[in-house]
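J.: Throw the hints in and build the complete structure from the sequences for me.
The sequence shown lines up with residues 0 to 230 when you count with numbering that gives the first Met the number 0.
In short, the hints are calculated from the structure, not lab data. We put the beta carbon where it would ideally sit given N, CA and C, even for glycine. Worth double-checking, as some hints may not be accurate.
Computed beta-carbon distance windows for the label pairs [what the hints assert, rightly or not]:
#1 Leu12 - Gly148: 21 to 31 Å
#2 Glu19 - Met156: 50 to 60 Å
#3 His52 - Ala30: 16 to 26 Å
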Amino acid sequence: MSTDRFEAHDYYLMDELLTEEQKLIREAARAWVKKEVSPIIEDCFETCKFPEHLLPGLGEIGAFGPYIPVEYGGAGLDQISYGLLMQELERCDSGLRSTASVQSSLVMYPIWKYGNEEQKNKYLPKLATGEWLGCFGLTEPDYGSNPGGMITNFKDMGDHYLLNGSKMWISNSPISQVAVVWAKDEAGRIHGLIVEKGMEGFTAPEMHGKHSLRASITGELIFDNVKVPKE
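T.: Printed below as a string of structure tokens:
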């Protein structure tokens, strides 16, 4: 008899639709979660502490940008494998899954899809291993995730952009090294900017007192005349 109390019977024979490689990826992720995450995640939830020491392990099992090509540090897997990896993280804790899916879909994907070669080579390998963590800045205090009401803005200053505004409820932000930030230009058009921690005027304070996703670290992004280089 299985000792996994959360293992449901495959009534619809979904496993028959998976390749052997996809099954191996799922089982490897499940084994890692049972060993490294399950014993500590309840305490992390109760104390609202993100298990930052797990980031390299998440990178090792391919949870960060698994579909990113190998030449940029990813595993080059298909989208089903990505979904299976996220499913195994979600089985244990939504906050942990949120950390990985934000890193993969909201940070790594736009850099891979729309960034230039310099940006891809600079950011993607570090994000894939978990050496760097990223966040996605869309939601704002006054308008939530409605891009039409976005207040965060930037001005073209010739050799750089001058970024001002704030974001809130941003997963990963207090411990991220890089942020993909959405802001309006002077004509009201929305653009994505890559903003690194350490840029003068950029802070990311942690938000406290959450009722859910308590093992996921959440914060704000505050931009006070941040000079973002043109790349």
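J.: If a hint holds in the structure, say so; if it doesn't, say that too.
T.: Against the structure, the hints:
Distance hint check for leucine 12 and glycine 148: the Cβ-Cβ separation is about 46 Å, which falls outside the suggested range of 21 to 31 Å. Between glutamate 19 and methionine 156 the C-beta distance comes to about 54 Å, which sits within the given range of 50 to 60 Å. With their beta carbons about 18 Å apart, histidine 52 and alanine 30 fall inside the hinted range of 16 to 26 Å.
Hint check: a violation occurs at hint 1 only; the rest are consistent with the structure.
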